[in-house]
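K.L.:
For the record, the sequence lines run as chains G and V. Per numbering that gives the first Met the number 0, the first sequence runs over residues 0 to 703. Per numbering that gives the first Met the number 0, the second sequence runs over residues 0 to 483.
To be clear, the hints were calculated from the coordinates, so they are not data collected in a lab. On a predicted model such as this, the values are computed, not experimentally measured, just so you know. We treat Cβ as the ideally placed atom computed from N, Cα and C, and that holds for glycine. One should not assume that every hint holds.
[As the list claims (entries may be wrong)] Per label pair, the in silico range of CB-to-CB distance: (1) TYR465(G) - MET243(V): 38 to 44 angstroms; (2) GLY393(V) - GLY515(G): 27 to 33 angstroms; (3) ASP428(V) - ALA303(G): 55 to 61 angstroms; (4) ASP243(G) - ASN437(V): 27 to 33 angstroms; (5) ALA220(V) - ALA307(G): 26 to 32 angstroms; (6) TYR465(G) - GLY393(V): 32 to 38 angstroms; (7) ASP428(V) - SER282(G): 52 to 58 angstroms; (8) VAL37(G) - ASN437(V): 53 to 59 angstroms.
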Amino acid sequence: MRQYSNAIYWLENLLFFWGGLTLILIFGGDSLQVPAWVQVLGRLHPVILHFPLVILLMAVGVFWVGEKSWKDQGRKLLLLGANLAGVTVVAGLILATEDYEGDSLNWHKWLGIISLFISIGIYFSSKKSSKALKFSTSALALVLVLTGHFGANLTHGEDFLFEPLLAKETKTVNLQEAEVFAHLVQPILETKCVACHKEGKIKGELRLDQISGIQKGGKSGPFVVAGDPSASLFFQRIHLPLEDEEHMPPKNKAQLTDEEMEILEQWVAQGATFDQKVSDLPSDTPLFQLASNRFSAESSYDFASASADKVEKLNNFFRKVKPIYPGSPALEVAYFGSSAFDPNSLNDLKSVKDQIVKVNLNRMPLKGVNLDVLSGLPHLEELQLNFSEVSSNQLKTLEGNPSLRRLAISGNSLGPEIIPILESFPNLTHLYFWQSTLSDEEKKKLTSLLSGVEIDFGFDASEVVYQLNPPKIEYKQLMFENATEVSIKHPISTVQIRYTLDETEPDSLNSPLYSGPFPIDKTSTIRTKAFAAEWISSAEDKVVLFKKGNSPKSWNLLTLPNPKYKANGAPTLFDGIKGKANHTSGEWLGYSEQAMELEIFLEEGQSPKNLKIGLLLHEGAYIFPPEKAEYWIGNGNGWKKLDSDPPMISEKIQEARFDLLSQNLPQEDFDRIKIKLSPIQRLPAWHPGAGAKGWVFVDEIYLY
Amino acid sequence: MEKEILEQGLNHNRRKFLSRLSLGIGSVALGSLMIPDLFSGKSASEEAIMQALPHFAPKAKRIIYLFQNGAPSQLETFDYKPLLTKNFGQELPESIRMGQRLTGMTAGQSSFPLVGSYFEFNQYGQSRAWISSLFPHLSSVVDDLCIVKSMHTEAINHDPALTFFQTGAQVGNRPSMGSWLSYGLGSENENLPAFCVLLSRGKGNGQGVYSKLWSNGFLDARHQGVQFSNSEDPVLYLSDPDGMTRDQRRKMLDHIAAMNDLNYREFNDPQITTKVQQYEMAFRMQTAVPEITDVSKEPDSIVKLYGPECLVPGTYAANCLLARKLSENGVRFVQLYHQGWDAHDNLPNQMIGQAKDVDQASAALITDLKQRGLLDETLVIWGGEFGRTNYCQGKIAPANYGRDHHPRAFSIFMAGGGVKSGIVYGETDDFGYNITENPVHVHDFQATVLHLMGIDHEKLIYKHLGRRYRLTDVHGHVVKDLIA
Chain G
0 MRQYSNAIYW LENLLFFWGG LTLILIFGGD SLQVPAWVQV LGRLHPVILH FPLVILLMAV
60 GVFWVGEKSW KDQGRKLLLL GANLAGVTVV AGLILATEDY EGDSLNWHKW LGIISLFISI
120 GIYFSSKKSS KALKFSTSAL ALVLVLTGHF GANLTHGEDF LFEPLLAKET KTVNLQEAEV
180 FAHLVQPILE TKCVACHKEG KIKGELRLDQ ISGIQKGGKS GPFVVAGDPS ASLFFQRIHL
240 PLEDEEHMPP KNKAQLTDEE MEILEQWVAQ GATFDQKVSD LPSDTPLFQL ASNRFSAESS
300 YDFASASADK VEKLNNFFRK VKPIYPGSPA LEVAYFGSSA FDPNSLNDLK SVKDQIVKVN
360 LNRMPLKGVN LDVLSGLPHL EELQLNFSEV SSNQLKTLEG NPSLRRLAIS GNSLGPEIIP
420 ILESFPNLTH LYFWQSTLSD EEKKKLTSLL SGVEIDFGFD ASEVVYQLNP PKIEYKQLMF
480 ENATEVSIKH PISTVQIRYT LDETEPDSLN SPLYSGPFPI DKTSTIRTKA FAAEWISSAE
540 DKVVLFKKGN SPKSWNLLTL PNPKYKANGA PTLFDGIKGK ANHTSGEWLG YSEQAMELEI
600 FLEEGQSPKN LKIGLLLHEG AYIFPPEKAE YWIGNGNGWK KLDSDPPMIS EKIQEARFDL
660 LSQNLPQEDF DRIKIKLSPI QRLPAWHPGA GAKGWVFVDE IYLY
Chain V
0 MEKEILEQGL NHNRRKFLSR LSLGIGSVAL GSLMIPDLFS GKSASEEAIM QALPHFAPKA
60 KRIIYLFQNG APSQLETFDY KPLLTKNFGQ ELPESIRMGQ RLTGMTAGQS SFPLVGSYFE
120 FNQYGQSRAW ISSLFPHLSS VVDDLCIVKS MHTEAINHDP ALTFFQTGAQ VGNRPSMGSW
180 LSYGLGSENE NLPAFCVLLS RGKGNGQGVY SKLWSNGFLD ARHQGVQFSN SEDPVLYLSD
240 PDGMTRDQRR KMLDHIAAMN DLNYREFNDP QITTKVQQYE MAFRMQTAVP EITDVSKEPD
300 SIVKLYGPEC LVPGTYAANC LLARKLSENG VRFVQLYHQG WDAHDNLPNQ MIGQAKDVDQ
360 ASAALITDLK QRGLLDETLV IWGGEFGRTN YCQGKIAPAN YGRDHHPRAF SIFMAGGGVK
420 SGIVYGETDD FGYNITENPV HVHDFQATVL HLMGIDHEKL IYKHLGRRYR LTDVHGHVVK
480 DLIA
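So here's chain V without its partners, still in its complex pose (with noise of 0.2 angstroms):
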């Protein structure tokens, strides 16, 4: 009878609950109706905003990034300042210096007399852009150019700075901005790494440039940055060894494939694919890599755009020249490095050698980006990650003289890409020390680089260690004046 009572308990709880659980179900079905990715333990905003990518109609397609490391003076190239060449010597008034923290380098000077550029300057193009003569190549593109004369950033010595610009945080450990572009975008040709680095060094005093600027931080290990050697055969350990033909080469990844596959059914581990995806793009980069980088099939005439050093290895011409072919071969992010421009002492010397390295190969680069239509929807950014001291650094002399580092205001200049052209955008001081219009701040330069590749910087994000990671953090507006 207990029993009886007990089943029957038991069942009427059945009954009940089989009942109560279909509308349950029903519920939780519907809810998934609403929520897609409830089930699959992704977060479904992440993967939406992933997948949307672009965000919206891109400007710019690619990118070529003409870094020239160790910061060039802004007062010797974009940023005319006759005031302190009137000044010359005389000391930098406290009302503009606003006691803002030095580098130890001159943070022990005793005076900070003013110097002005010993080059002259002029104006040109449509846009009037003051222009000194240390670029006559670029001078005439100007109205090709955004230049931008408001830049400032908050690191005041070199890697802390470079990192900053390429990563967006001063420390490192986190991705680059190509490695962010390869993340949200791809790449356009899968024969090809979508993220890659070419490395030049001018005369002039240099600054080290570290892997961990094109490192991909916490994303997959794909989107790193290739660096490109400097010597006839750009990418290493690409020729298959003496005596290997490329059947057996094939031969040899479809065995290691194999092998591969039985780990990744018995793992699960998705790093394995990622390998094997890997290998099988080195395999079609052994055709791809020397079709690009064969300079034979390039006119004559290419080697007097670029000038002739164009042709060795290794210099900044034939890596301008290389980012271009690499460029039109849907690579997305070209980063060339130029290192030479950290002028502390014997700053007119220095530029005139580094500007002979990068004036004509910069122009020539735009110049031939638009005679074959793809300057529209390629950007080209020149510049430096800070800017130099509107006061001498050690000895002065009219014709010698030496800058220290200036992170309060600099100039870059961007072309193509949706950029407006032949604009100046941005004011300094008379002394070329302050702001007084338009800050550009690094991670609003980011976030507009970002905008016209078609991505909102607030939403291309990453998710690692239990927070949500961004380029530009949790800043950086895009400056809209600055987009066609």
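Isolated chain G, as found in the complex (with noise of 0.2 angstroms):
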């Protein structure tokens, strides 16, 4: 107990202490020669503070409590309350002749002098009316509130504590406005580098948070030399190791990016002006490359949002109309599907005429529709009409439009009257105006009359002279009984098809032309090409039909097919059956060792005319026609050779496909014909490979 009342004693008598330094430090403050170690007591201020605050707002709160026992306590905590204040206005002293000034700093000091005396005060005087305690206790709490926010504002900012309430006006920049300085660099000082270089906290006693104070630079030097950065103090300040004192920002605060850096650097190479504006600097500069990264090139728009329930109602299937993105004010609007298309439904564009900046009506029938509604868009940028049937009367409305930057009107076949009001827009900076019937010269003039503005007039065929591609042929059945019907197919409905049966390639003269599918009642070959003017012509396509010939009393077939391909057999010669474009299918018989050699035994009366063997090529897979074919007739008195056209030759890779060796038999008496197919034995020099055996492939034989 003694020992309890020895401490308030001595409590009691340390707070005259505290006053009396107090009122020296403030008298003398100026003249005071600060040792380094009182510093480090003079920087304990912003840790000590908080405890006096604390215990002296609870001895105000147990006395307004009002009860007698508690009184007791809060005059104790008053006390131990009053003497920590007393230490931290000591050390609020000191530390404030280090680099502080201003208004915040002259209301926290004397604030804070303030509350150490009330407290004070109302410690020796407490044993008082409670009128008066009450009175005094609620001037101390204020004062301490009040002592609190503006040294909170010392080291966090002014108006940190109402920050988030007040109403941020923070309107986007885009690159045509943005400045230099204000925009990029800025931005950067104020997050990174103004909560130490500021009024009230000049650290270095350097002042970034006004012009003036950038060009003056700090104790030790010139913040920036203007177009050399390396003279600068903050480029060499800035790309000190992390690790050193001199480093700035300082370890433990946030730090630049290297983007920043960057912007800072390039500014003040630019040299460091204040007033430059982005869009000044020529583009290829690294600082309008660092500034078109930050910012958009599209506008931004200072309207206010239509609302949300307006802007989903004009939403359907077949009209979006959206903001550009989210939370942007403007709204661009879409429209899909012709057939669905209702003029009308323009007009309900008009509750948020104020909002929409885009409008996409590409495709849609507006010929005869009154576009009124466009022009009563005040902020629209970009319209799109391409394919849209519009005419230069209906764009009439829009004439003088001064807020349009791009529009597309291509596929409209517009001519020259267009190019007034093309004219009258003074902020057109694109246009798209392919498929026009302007001449050009027209064009030349357009492009002459719009000088800034960016045209395309799209691609000109006119010029350009392509091979159309192959018609088609198509038919039911390759091989056929008594005759079938052709067609040919062109995915191009306006040229004309020429076809030949006669095995001669089609030319655009004499050739027949094709009309409609046509019968064959012959095997034929079928050779067909496209013509159109302004192409050249098609390559060709070749079909060989099929029909099926006479069947033979018997064969013998002389050598044996490769293993690998020899099908069923002879009987599949005669079998009827057209083999599959390809080689594996087992239709076919494949020759490449020896020559295929086969004799055929006729029936009585049977005096076929013509022969014709079915034959495969596909030259990649080394499929080539027979380099020798030789035939002969006989009545088993020996054999009489026939003289035959020279052999066919193959002299490119072409995809696999069907033609026909054809051989007329004279008009002799015969009961057995013998053919022999000799497979090419050297590939020709042009093929991959070269110099190897070829290959010979034979499906049918027909008898005719």
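Hints are included, so try docking the two chains, each in its own frame, into the full complex.
P.N.:
Right, dumping it as structure tokens:
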């Protein structure tokens, strides 16, 4: 108990010590020489200050509860708190001799001193009336809170407390409007530097919250040297290693990003100006590049958003109305589905006319539709009217539109009457005008009239001459009984299709013109080509259609096919089944090592006039026409060799396809025929397998 | 007495309980104010992220991805390496290969002779980009292209590499890029699927494509790619059967919807409503699709622009034309695959055919979008799943050689949609084997593509089997240098 009172005695005495020291520091502070260890004490101020603040406020609370037995405890708390307030004030006054100044500091300093003296005063007079006590403690609480607030402003920045409540006017800036200093450099300084280099807390005597401070520099030298980053102090400091004491921002503070460092450096290199616009920089300078990364080229909008309900109401399956990106007040409108287009629905757009910046009416049937609603959109920047059959007359309503930047009117066959309308848009930057009916002269004129506008006249087909793709022959059966029907198709409906049945190459003058499906009643080779003005004639399509022949009495295959490709042996050649265009289908006899030799014995009285051999050709698979095709006729008393056409020759690699060897038979008396087909011995030089042996593939032999 | 005490105690407790409860309710109310989805059972952040899509102003609204399936050789297209021609037949130095794994197709080769491009290269446009003589049409639009020569991937065989490019993982079952975009951004035009797939095949050595490449994975089934058929009737089963009128179809759908609604009221299964919506979309597609696939309204010059093949259904040119038409009608993602680039042998010959298939139509697509003012909002991507080796596979001759798979460096290009135009990004060494400058990993590419669409690739997520999935998994950096 005694010891306890002793403590109170000492604490009461200490109060006078703190009061006195405070007065000395107030009056003599200017000439104070602060030794290093005292400076450390001063810097303890931000740590200690929380104790008196809390304990004094607790004391006030205890007094207010008003119960008598508590009052004594309240006095003890007050005593402790007042002592701690003394330490804090003294430390604060020492700290204030460092780089602090300004209104916040003055308020904080004097309010802090006042709270010390009020708490001392209350302690020694707290035996007085409870009314006076209530008043004085209230005053103390108020002063304490204000002191704390101004102190927080010093460390965290002005308006730290209420910042979340203050309406943020963050107008987004676009590339056109952005200024180098105001929008690129200053935000970096504000977020990374100004907390310590500003009014009230001028570390290193450097102020970065005003242009004059930036120009003046700090204690150690000039902040920036225009045009010379490496001579600028900031540049040296930010590039020091993180551990270095001089490194800025200090180790435990948010650091500059590489991009931010680059921006600062380039800004200084460009002359450290304060009023330059980004758009005035040449576009190949690093600073412009950096800026274009930061600011969208898109415009920012200062009009208010339309209500979400209103926008939602405009949406249906055939029309989308939505912000150009989340949070943007600007709306874009797109119509889909030309068959569902209702011209009156354009009028619905009036409800959000102030917000619409883009309208897409591509492919909507706008012929004769009143487009006045478009001219009533004050912020319309982009209008897409491709292939909408819109006329110059309809577009007159937009004449002189000041907001229009991009206009797409491709595919509308608009003529020179549109030129004055296009000329009337003062801010047009892009014009898409493919498929106009303008002459070259008129295009030139338009280009010179709209000098700042990027005009795309699109693809000009008039000077381009390509080869047509080949027509396609269509038929029901490759091998037919009596007759079959053939049709020829081409994807471009306007081409001329010509064809031949006599194995000659089709030409654009003499060959029959295809007009519709035609019948074929004998084994025929159909060759066809397509022709059109302004096009090179197509490659040909060729098909051989086979009429079933007569079967002989019997046959004798003298040489066996390669075991891999033997099909069903010799009967395969007379089974009336056309093989598929694939030599592994099991319907083909394949010969490579030796020639195919076959004897055919005819029925009595069967005197065929023509013999045809069905071949498969596929150079990529080494399958060629036979090098030599020889034919004999006989009647049991030896063979007579027939004259035949020169052999068929392949000249390049083509897809697998069918072909025919044809041999006319003389009007003589014979009852048997012999055939010898010799595979090519050495593939030609153009072939990847040049020099190797080729193959012959046969699937059917026809007698007519 | 005891009872009274007990009741007294209980009363007291009840009062205390209630008074404390009021405070408790207050705290819960406050909590729910601060965490809006506290009681909705959803993770607040995930919902908020999805609601804020796109995350920022998009540069591109739609994508047309011209996938060159089978991996076209970078050395015969965009990556000009005269050294390989000069050192024809010489061994690939080990200092360049650095022990890299090879496929089973060439790992057993006793030598790795270098082979240069059979095709000449020239510089084109203001960008002076090198392009081989295989691509005369693409050379003419070079100033619209953003060529990336420094792509690299992790897989060395077609299927995993293709799956990796499309879904961000080498194994299947993840959603495809188009599905992610459909999930994130939805369809612009609700009468068409957001994600359409078109297939074509060249004459070169082909590799298969499988429907897993346009799978919705764990996402809702409506995000699956819709494969268009190669026939005159691109969407199968869309026409009404003979004898059924549109009115009858409408009535049938109404009745089915009513029955489904009964079911939904009983079970509350969201799949039921999805199904009804799909039926309705199919009904609208019945008019929307014929409008798009009808080429009769296209001007004559379109045929010259894309080449006459564009009127033959199922060709690459026809698919490019269809892709343009789908895209301008608001389809978010059109995925083309052109097969036949896997030239292990006979490469020059195969590439001539493949290039003939794709060169004109690819360039035409870019020109066509441009002349309609749509290129700025449509991202066109052209490229394969990896590159090809600088050494020869199999027999070697200047005009006849083959190349194996090479994942370490290959070229793709992009155009429009907010990428820089007329630039060549990245560089490879003189052997065309390793990247020396600005490598772009497949995940970086995916992150960049999502970025162009206004999506932060780290925020487009879907929670499945207890973890959050992304297209870029846990990787990927946006390549800012590619963005205009």
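K.L.:
Taking the numbered hints from earlier one at a time, note which ones the structure violates and give those numbers from smallest to largest.
P.N.:
2, 7
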